[in-house]
Every structure is written in structure tokens, then in C-alpha cells.
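Enquirer: Sequences are here, hints too, so could you generate the full structure?
For the record, the sequence lines run as chains L and E. Once you know that position 256 of the first sequence is 255 in numbering that gives the first Met the number 0, the rest is easy, because the numbers rise by one and skip nothing. Once you know that position 206 of the second sequence is 205 in numbering that gives the first Met the number 0, the rest is easy, because the numbers rise by one and skip nothing.
The hints are simulated quantities; they were obtained by calculation from the structure and are not laboratory data. None of the values given here were measured: they were computed from a predicted structure. All C-beta atoms in this analysis are idealised placements derived from N, C-alpha and C, irrespective of residue type, glycine included. Be aware that a few hints might be false.
[Said to hold, decoys possible] Covered stretches of chain E, as calculated for chain L (at least 3 residues, CB under 8 angstroms):
#1 6-12
#2 49-61
#3 79-93
[As the list claims (entries may be wrong)] Computed beta-carbon distance windows for the label pairs:
#4 L:Q612 / E:P191: 48 to 58 angstroms
#5 L:H536 / E:E173: 55 to 65 angstroms
#6 E:G67 / L:E216: 32 to 42 angstroms
#7 E:E173 / L:S599: 44 to 54 angstroms
#8 L:A426 / E:G52: 47 to 57 angstroms
#9 L:E342 / E:N60: 23 to 33 angstroms
#10 L:A393 / E:P11: 10 to 20 angstroms
#11 L:E552 / E:N60: 49 to 59 angstroms
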Amino acid sequence: MNEPATPDAASPEEGDPEGRTDDERERSEPTDGTDTAEEEAAAREEAATREPGSGAAAVVAALEAAGVETAFGVQGGAIMPVYDALSASTVDHVTMAHEQGAVHAADAYGIVRGDPGVCMATSGPGATNLVTGIADASMDSDAMLALTGQVPSDMVGSDAFQETDTVGVTAPITKHNYFANDSDEVGRTVGEAFALANTGRPGPTLVDLPKDVTFGETDRPVGEPTAPDRAVPDLEADEEQVEAAARAIQTAERPLCLFGGGVIKGDATEQARAFAREFEIPVVTTMPGIGSFPEDDDLCLSWAGMHGTGYANMAITHTDCLIAVGTRFDDRLTGGVDTFAPEAEVVHVDIDPAEISKNVHADYPVVGDAATVIDQLDAAIGYGDAPDTESWRAQCDEWRERYPMDYAIDPDEPVKPQFVVEAFDAAMDDDAYVTTGVGQHQMWAAQYWTFTTPRTFVSSHGLGTMGYGLPGAIGARVAADDDREVISFEGDGSFLMTIQELSVAVREHLDITVVVLNNEYIGMVRQWQDAFFEGNHMASQYDWMPEFDTLAEAFGAKGFRIDEYDDVEEVVEAALAYDGPSVVDAHIDPEENVYPMVASGAANGQFALAEDQL
Amino acid sequence: MAGPTPEERPHPTGRRDEHGVRKEPDHGPEPTRRATVSALVEDEPGVLARAAGLFRRRQFNIESLTVGPTTVEGHSRITLVVEETEAGIEQAKKQLAKLTPVIAVGELSGDAVAAELVLLKVRGEEPDKVHAITSMYDGQTLDAGPRTITVQITGDETTIDDAIDAFDQFGIIEIARTGQTALERGDSPTTPGEEPGHSAGSTDDDEFTNYDD
Ligand SMILES: Cc1ncc(C[n+]2csc(CCOP(=O)(O)OP(=O)(O)O)c2C)c(N)n1
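Expert: Right under this line is the structure:
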């Protein structure tokens with residue numbers, strides 16, 4: 000079935016692609032920041048109460064009523080009515096080169112802003128191209144709203160042109176999804192989906208929009224975006240739970256805080272930091288929790304897990320009371336559960352009751368909002384009754400010295416990736432945003448960048464999606480204040496997966512720096528092949544990579560290249576000075592591996608520092 | 000990098016079981032049990048698929064699943080029988096409760112009323128004997144011909160299993176079982192906080208009034 004079945008379903012392949020580029024560039028210029036909070040509130044109220052006219056206009060009104068400033072997407076037949084309505088909206092639209100770019104950009108935008116990012120796609124292939132990014136957001140509990148076009152309702156189920164059962168496909172990877180079936184209701188549904196994404200434990204939601212519903216007439220105002228009552232959890236935890244947890248913490252000899260992504264999502268970093276400092280409890284974070292506690296603080300042991308620091312993994316192995324906040328105990332963190340924190344009583348604070356005792360049994364479950372609960376715990380412990388952590392802290396410091404994070408430099412050898420990461424870290428502000436692809440480069444960025452600010456490490460954790468870095472950087476750049484820097488660390492393999500989004504960065508004139516840690520391998524696979532498959536490099540050698548610096552120039556971006564240590568300083572300076580997207584093709588030691596490493600399913604304390612320890 | 004090798008580092012001796020519970024090192028496998036879970040849900044398209052999909056995705060061991068309307072318009076009840084470890088049952092309930100259209104989830108107590116319906120088609124050669132067994136189980140004959148007899152039996156799971164065994168002697172041709180459905184006994188609500196609506200003609204009420212296990 001190749002013909003569009005109705006004129007409505009006309010796809011852009013047959014029409015003129017709209018030459019909207021200039022227009023869009025204009026509209027996506029950052030706002031001048033003069034809007035006062037009152038003006039914003041008034042604009043939202045106006046959007047919530049106006050008579051939209053059509054289903055599509057109601058969709059857009061719902062976005063405006065929710066205070067959405069930017070959406071990322073790609074046009075197409077079934078979503079055209081919504082785009083048409085969007086042209087008259089205060090919502091900026093960033094046209095991406097691929098829907099996967101749109102969904103990752105929206106995801107990163109949401110992480111940086113702390114409000115759901117919005118992405119849009121047409122039916123069928125547009126919607127399926129969103130799937131990876133929605134699954135990614137779901138695993139990382141990122142608030143996001145996806146809007147997808149759908150074939151007209153009466154054609155649903157007929158295998159019509161560009162039809163996919165989007166609700167069915169995305170049900171397991173969304174917090175909830177909706178099939179809009181009424182022009183009068185569609186605006187409310189979009190508002191509800193937006194609010195739900197951001198309620199309690201955040202997550203992605205989706206609204207599938209059949210073309211007849213968006214084309215249909217309606218004068219029903221969309222109202223304020225509201226999540227269903229049932230989805231709104233209590234912020235405060237049960238007092239008895241808090242008391243019990245507080246007693247456990249007070250009597251602990253080796254207490255350890257484990258801060259997960261939930262601390263950042265729950266805007267609880269301030270409380271978390273104050274708590275650990277008040278009671279002088281050492282802190283490890285999970286990878287998504289990076290930035291919740293400053294890594295240059297004496298109490299901070301950095302992040303634990305497969306490629307976490309040796310000292311964090313030692314501390315987790317030997318703690319007798321693990322105060323875990325906003326973490327889902329992913330296996331990349333725990334290694335084998337049988338050996339995870341085997342002597343610890345576990346205090347688990349989470350807004351989602353289903354996370355309690357899912358992977359690791361909680362001796363002290365505390366269900367509630369991270370910030371609220373930490374305050375409750377703080378009050379319940381009270382000053383003076385704090386556990387005495389002096390010798391435990393000394394022990395942690397000793398581990399820090401025994402298992403330092405370091406690497407060897409030989410000026411005549413290829414450049415070490417860790418050195419490149421450190422060079423950029425030294426040259427950039429503390430509040431710069433770092434996005435990454437997935438692989439060794441992601442781990443080096445996480446290990447050798449010193450993170451001190453929440454929401455600055457923007458990465459794909461739970462799903463581990465290669466190709467996240469560049470579109471993530473675009474989303475972060477659009478979301479961030481102008482004076483904050485954005486850098487993306489990429490692997491050659493990861494970069495190639497979504498490199499087309501460089502065209503968007505150029506079109507939008509986004510000041511981002513992409514650093515490709517180029518080892519001509521999909522290095523993390525090569526590392527595992529060396530460790531577990533007798534060095535059989537099946538399909539992992541990528542010595543057919545383009546010249547990324549030259550390719551960047553072809554896109555209209557600025558290209559740089561690092562071949563040896565002597566290049567580093569100069570390139571770092573030039574790349575950061577360049578106003579616009581730049582790509583640094585850093586040719587690194589292709590044999591370099593990521594250590595420490597806990598083999599999958601092994602005990603955290605058994606981290607290997609070199610291949611022969613695996 | 001320096002530092003003691005993995006073997007040289009101090010190791011705690013404690014261990015956890017597969018559910019992350021701290022245990023003696025020589026603990027055995029966790030026992031499983033059967034639980035009947037009732038979920039009150041918004042009656043919207045796809046809700047059954049969501050529940051079933053959840054159970055498949057998370058690999059919960061589900062034995063039966065029934066669904067039907069309640070006395071409250073717009074609400075349905077899903078009854079699930081799962082065979083899981085204690086921790087697995089808790090997870091299953093929490094995950095189910097997380098679904099947006101799910102209003103409340105309860106696990107039924109041991110003395111809840113539960114019933115299942117089975118249709119049995121057996122060979123018709125000995126109609127009298129078939130009839131005798133049907134009456135013994137308070138069943139009904141729905142269709143009787145020279146070659147086949149189809150009967151209906153309702154009852155709790157053991158009754159149904161026993162009935163099937165009893166009919167086996169005639170040669171069972173086909174079977175259709177509904178899976179268990181259940182309600183809490185007396186005044187206790189089947190899912191927490193549930194406020195049942197009253198509808199005079201509700202089959203919901205009648206069907207089980209005289210049921211006794
Ligand atoms: C979309 C996707 N496909 C495959 C993988 C499996 N994978 C994990 S890491 C990795 C290698 C990444 O290579 P590269 O981006 O070059 O980074 P490096 O490890 O070399 O730093 C691969 C293929 C993945 N994570 N994501």
C-alpha cells in the first residue's frame with residue numbers, strides 16, 4: 000500500500016518540503032529573558048482558557064498552558080495538522096534531522112530544565128524512530144512528552160500507509176500512553192500526559208494523535224494540565240518508617256550514603272548534601288546520581304558500580320548501613336546481588352513504592368519524596384546523636400589512596416583519552432554540561448571529569464544508547480542558559496550513529512563542543528572481546544571511520560584534530576573559543592581500556608585494575 | 000595502578016539471596032506460593048493488555064487471569080492467580096498498582112470466595128453415568144447428543160480439578176476453563192478502600208450468595 004489513501008494523508012514526499020528553515024531559526028532564538036513570571040502565568044492562563052478551534056490547536060494550547068517553550072521533532076503526513084497549528088504558537092520548534100535526534104534532544108532538554116522535554120513525530124516510521132529514545136527516558140526516569148501523529152481513526156487497524164500501533168509498541172516503555180479519540184478531549188489529554196510525566200517518579204508519556212482528531216473542530220478550552228489524582232504520591236514518608244530508619248543510621252558504625260538519580264530528579268541535592276555533611280557520612284553516587292554530591296568534597300568517594308572507583312566499591316562492600324536515596328539498584332551498580340553490600344542494613348528512600356525491595360531488600364523502606372524525606376530523617380536523627388564516623392572515614396580515605404584513579408602517560412605514545420577529558424575539564428567552568436555517547440568514552444568522561452553540579456552529567460544510563468551524545472548536547476544547549484558551556488564526549492561509533500544532527504547544530508548556530516575520543520574501535524566491545532573472547536575482534540574494528548574534523552567542516556561546523564599530546568592545549572583553547580558547533584577528532588590510544596572494572600555479576604569489592612585481574 | 004589485588008582485599012562473608020535479602024551463606028531456594036490478586040481498574044481500552052503485558056515483561060508466573068465489569072460503571076475487576084515467591088508476589092502487586100488505569104490492588108485472604116467455571120465435552124456413550132457425576136458436582140448439562148455431552152461445572156479450583164478427574168473415565172474431548180475469579184468474604188472490601196456500588200439486579204451479588212467451600 001504505497002498510495003496515501005486520502006488527500007489528508009498526503010506525505011511530504013509528494014509535496015514541496017516547506018522552506019521553513021529561516022523562520023524556525025528566528026523562532027528558536029533564545030527568548031530575551033524579559034518575560035516576568037506574571038506574564039508567563041498570564042500566557043498560560045490564556046492558553047488554558049481560549050477556544051482552540053481545532054484538535055490540533057488544542058494540542059498546541061495544551062503545550063502552551065503547560066509552559067512548554069521548545070519542542071523537538073520531524074514533520075510528516077499524520078502530524079501535519081499539529082505542526083500547522085504550531086506555526087502560530089509561542090512554542091519554538093527545533094527541526095531535527097532524525098526522530099531519534101528529536102527524542103534524545105527532548106530528553107536532555109528535560110534533564111537540564113527539570114521539566115518534561117517535548118518531542119514530536121509523524122505516524123509509522125516517525126513514531127518507531129522515537130522508540131529508542133522513549134525507552135531510554137523510561138529507564139532513566141526522565142520526564143518527557145512524545146506526541147505522535149496517527150492515521151485517521153477509521154483507518155486504524157487496516158495497515159494503512161504509515162500506520163503503526165504506536166500505543167501498543169510504546170506501552171511497556173512509557174509511564175502511560177494515550178490514544179486520542181476525540182477532538183474535544185485531545186487538549187486535556189495532552190495536558191494530562193505532560194503533567195503525569197512530571198508527577199511522582201518522572202517518566203515518558205505519549206499521546207497518539209489520529210489525523211481526524213487533530214483536524215476535527217473543537218471549542219473546548221484545554222484547562223490547566225493536571226495529572227490524575229491517583230498518580231500524585233504523598234511527598235512525606237510515614238513517621239514510623241522514618242523513625243526506624245533514623246535509629247538504624249544512628250547506631251551504624253560504617254554508614255554510607257548512596258545517592259541515585261532520584262536525588263537529582265527530586266531536586267533534593269541541597270538536602271542530600273546538607274545531610275551527609277551534618278552527620279559526616281561518606282557518600283557514593285550511582286552513575287545517574289553524578290552531580291548530586293560534589294566530587295571534590297572530602298566526603299565524596301565518587302560513583303560505584305562496574306566502572307566506578309575502587310574506593311566507592313570498597314565502601315559499598317564494607318558499609319554496615321547503606322542509606323540509599325532515589326536509586327533502583329541497577330545491576331551495573333550492584334554487580335551480583337548476592338555479594339552487594341553484604342553486611343549492610345539497607346535504608347531505601349524512594350518515591351516509587353515498587354522500587355522498594357525490587358532488586359535489593361530494604362530493611363528500612365521509606366517511601367516519599369527525596370527532599371522531604373531527607374529533611375524528615377535529618378530531624379529524626381537530631382544533632383548530637385549522630386553516628387561516630389571518624390574511623391570509618393579514615394578507612395575510606397585509606398582506600399582512596401590505595402586504589403587511586405590514574406593512568407600512565409608516555410609522551411611518545413598515542414594520547415590517553417583520560418588526559419583529553421581532564422584537559423577540557425580544566426578549561427571549562429564547573430557548571431558546564433557534559434553529554435556522552437555510550438562506551439569507553441562515556442566511562443572516561445564520568446571518571447575523569449570532576450562533577451560538582453546537579454543536572455550537568457547528561458547521559459544514557461539504563462538503556463546505554465549509543466548516539467545519545469550529540470542530540471543530547473543540542474537539547475542541553477537549547478535548554479541551558481547562554482553563559483553555561485556544553486560539551487559532548489563521543490566515541491567514533493556512537494558519534495556516527497546520530498552525526499546527522501550536526502546539521503541542526505549548524506543551522507541553529509549552537510555553541511557546543513563535540514570531542515570524539517576516536518580509537519577506531521567500538522572500544523567497549525573490543526575491551527570485552529579482549530577480556531572474555533580471546534581477543535577475537537569480530538565486528539568491532541572501525542578503521543573505516545571518516546575524518547571527523549573534515550566531515551564537521553562539510554556540515555558547516557568547525558573541525559579540529561588531536562594526534563599527540565602537544566596538540567591538546569591549543570585545540571582545547573581554540574575549540575572552546577569557537578562560537579558555534581565544533582568537532583574535535585581526538586585520535587587516542589586505541590588499546591586503552593576502562594578500569595577499574597567489576598565483571599558482570601561479580602562482587603563490587605572484586606573490581607579489577609587490569610585485565611589479568613578479571 | 001597499585002593497590003592489593005582482588006584476592007588480597009578484605010572480603011565480608013555475608014551474602015544475600017536472589018531477592019537481595021541478607022542470608023546465611025547456605026540458604027536454600029525461596030519457596031513459592033499461590034496468591035489471588037484482585038485489581039480494580041478503569042474500564043478503558045487496552046487495560047487488560049497493559050496488565051498482561053506487565054506480567055509477561057517482568058516474567059511473573061501467572062496462572063490465570065479473568066476480567067469483568069463490577070457494580071460501578073466504568074470499573075472492571077481483574078482477578079489474577081500468581082505463583083511466586085513472597086517477594087515476587089509483593090513486586091507483582093506493586094507493579095500492577097503502578098499502572099495508571101489501576102485504581103486499587105488487593106491480595107485475597109485465605110477464606111475469600113473463589114470460583115471457576117469449566118465446560119467439559121465428554122463422549123456420550125454412557126449418558127446416565129455422565130449425568131450422575133454432573134449432579135454430584137452440582138453441574139448442568141448444556142448439550143446432550145448421541146455422540147457428545149457438554150456439561151458446566153463451577154466451583155473452587157479443587158472441585159474443578161476433582162470433577163475433571165471424575166469425567167476422565169468417559170474420555171474428555173474438549174475443555175474450556177475460565178480461570179479463577181474471587182471476592183473477599185463478608186464486609187471486607189476486595190481491594191483496599193473499595194466502595195462497592197449497589198445494583199439490585201447485579202449478577203455479581205447473586206452468583207455467589209450460596210457458595211460455600
Ligand atoms: C545503539 C547501541 N548499539 C549497540 C550498543 C552496544 N555497545 C555498547 S558500547 C559499544 C561501543 C561503543 O563504541 P564507541 O562509540 O566507538 O565508543 P568507545 O567504546 O570506543 O569509546 C557498543 C557497540 C549500544 N550500547 N547501543
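Enquirer: If you check each hint against the structure, which ones fail?
Expert: No numbers; nothing is violated.
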